[in-house]
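Peer 1: Sequences and hints are given; from them, build the entire structure.
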Amino acid sequence: MRRALPAVVSSLLTAGFLFAGPPALQAQEDPTPSTYTSVSPARVLDTRNGTGTGTTTPVGPGATITLDLAGNVPEAATAVVLNVTGVAPTVGTFVTVYPTGIGRPTTSNLNLSPGDTRPIQVTVALGANRSVNLFNNAGSTHLLADLAGYYAPGTGAKFTALSPNRVLDTRSTGGPLGPRATRVLDLTNRIPTSATAVTFNLTGTGPTATTFVSAFPTGGSVPNASSLNLPAGDTRANLVTVAVGADRKVSLFNNAGDVQLIADLTGFYTPEFGASFVPINPARVLDTRNGTGVDGRTLPVTTREIISVDLTNAVPLTATGAIINITGVSASASTFVTAWPQFENQPAASTLNLGAGQTVPNAAVVSFSRMRGLNLFNNAGDVHLIADLAGVFAVSEQDCTTGCVYAWGDNFAHKLGTGETVTDSGTPTQVAGLSGVRAVDGGGYRNGYALKTDGTVRAWGSNDDGQLGNGWTSDGTGGGSAVPVPVTGLTGVSAIAAGGATAFALKTDGTVWSWGAGVQGILGNGGTTDVSVPVRVSGLTNVVSIANTGTAGYAVRADGTVWAWGSNAAGALGQPSSVAFTTTPVQVAGLDSATSVAGGGNGGYAVRADGTVWAWGVNTEGQLGNGSSVLQSATPVRVGDLTGVTSVAGGRYNGYATRADGTVWAWGAGSDGALGSGVDCSQTDFPCASGVPVQVAKLADVTAVASFEYGGLVLRADNTISGWGFNGSQTLANDSAYWSAPQPVPANGLSGVSAVGAGEYSAYAVVPSP
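Residue numbers (mature numbering (1 follows the signal peptide of the UniProt record, and there is no 0)): -20 to -1, 1 to 750.
Rather than coming from a laboratory, the hints here were simulated on the basis of the structure.
Idealized CB from N, CA, C, for every residue including glycine.
Watch out, some of these pointers could steer you wrong.
Simulated restraints on C-beta separations [to be verified]:
hint	residue 1	residue 2	range
1	THR433	PRO54	35 to 43 Å
2	SER558	THR162	51 to 59 Å
3	ALA43	GLY337	24 to 32 Å
4	PRO159	GLY276	45 to 53 Å
Peer 2: Structure follows, in structure tokens:
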């Protein structure tokens, strides 16, 4: 069981681990997980007119001013989001923003050239009396600060960090914004309907006059606050956090001249799900000038070079993202820098824009994928890079007591749902914030799904194709949710089936609903377009069982007929047809009296009322189970001489069946022990497969079976789980099986299990009363 988040973070902090190199971090005594509340952008500091200071004197060299925010945020507030702007500095300088009452950290937020006007978004923990300090290093400069929102414990909004994805580029769509013009940024399909605010990197390029840009909720008035300041002809970026307005839209106002705008979405806030913010005091985690964070290397980042920054010892295990202030120093050429999660594809986005000779900062929200770290790419020339950690978004513990889900195995795209940022895990861990569950299913490579006792569905993992069913999509950038989210609009669900990037739900009224990827008609709604909310599978009524291969769907009706839709690769539709796919259900040929159905790699399995199993589709590894050497069958054939079968499960290369006597039988591929019969492929000639069912060893009390890639998991009569096959991603939850187990081994740490599910190399178990 996970420790409470404050304890996790406190242990990291007080142990002195929350930095990648000197100087050491000053720890907050009690970091409190907090949620976000947006406010209408409000100017809380302007030294030009005395707002916030009572004096119109600029901040002098080595001087610190204190900004009292007690009148702007509630007493419980732990941190604030400010847009801080430096105006007309007399010399080159930097500004540091930090909590009142602590020693000034050796970090910076804002770097300014003489005479420049430049903003930066700052997320800073509140210090004594809800105040923050602003330090100016050299010369004199005016400082402005606009409050965008605050963090506090309670019922505000949590954050979902995303890999940067471009949502606006006026250079290709819409053209530049003219003087006093407003452009609406429509985020309808990119954030959920419950979102209260968004974070995006806003870049302005090619302004024809000195100008500023203000971001504000659509439907509201242009605020007396700015988000981005641009001199004529320059390219600049700033992180923006802003409340969303009507219909998930944000408005962008340009003050003067014409300017092109680019926006890269990096996250959103919603009260329904997400990670809490943990305030910390600023800490330097990268400085290529002195080797901090790069193993002592003291070289600049060169043209098109990528460096990685490991934050494993800097953030807690359940961190899903971080706020990092990134500074480029002394660029040798005009360039841009991009920050994104380790082990994700480099996005078509930028974080920081620099001219030759410039030193420029910008804040970034960086999500974490399989590792707690980030990549930094420099496009041109040489540039030194600095990164200061300013805050962490982490999943806090919510103990489950009834109908809990435990997950283990591969964690690609956070598909375990535990909130932990790890590559994989061999320890069954509670799925975060989920209770009252009666069934689970793994969704192919990238997702998990849970059916609750109230008939609603939860999903977690990737959302590239809308497969979370929550009304938004990350549009192929790898984003999603590390914790469960509600599938929109579904009630009265009795069964779920997931595969690939598509999911199905069977409702108690006998209808079937689908969401996610629509390729080759797998949604069954007559189209091929992805959908992010459930749609009804056309023409199906009185359905009693459903299945999903990831490319095709199957349903059994109460009359015993089986229906299929989606891809027809290798005869997966189960009828003699040459069509490549169908967007609406067609009847599988020659099958009657079916009671349940399962999906394999490119084919299906049906259990008939007489206890026999029938298969159709691909047979490259003997998946048909009838001993035939044909590569596929477009019509159902009987699987061996199996009788008394109560349930069947299909994997990419295997089929598994449970019999009424509690035994389990397997056929298809035998690599990595996938047959569970005790045969080790390293001791036999390849191909290692069985075209007819063989008995899985050591099992005679099985009540349910689930399949993953090259292996199976079973629920036993004593409410424990055993598994066999590939264990390279720890899917068996048993360290004794280093790489694979040719016969069943127990899944450690689980008892009282009522249901089991699996997908690709991940596994799930429902425990009613842990």
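Peer 1: Are the hints correct? Go through all of them and say.
Peer 2: Outcome of the hint check:
no.	hint	result
1	THR433 <-> PRO54: 35 to 43 Å	holds (37 Å)
2	SER558 <-> THR162: 51 to 59 Å	holds (54 Å)
3	ALA43 <-> GLY337: 24 to 32 Å	holds (27 Å)
4	PRO159 <-> GLY276: 45 to 53 Å	holds (51 Å)
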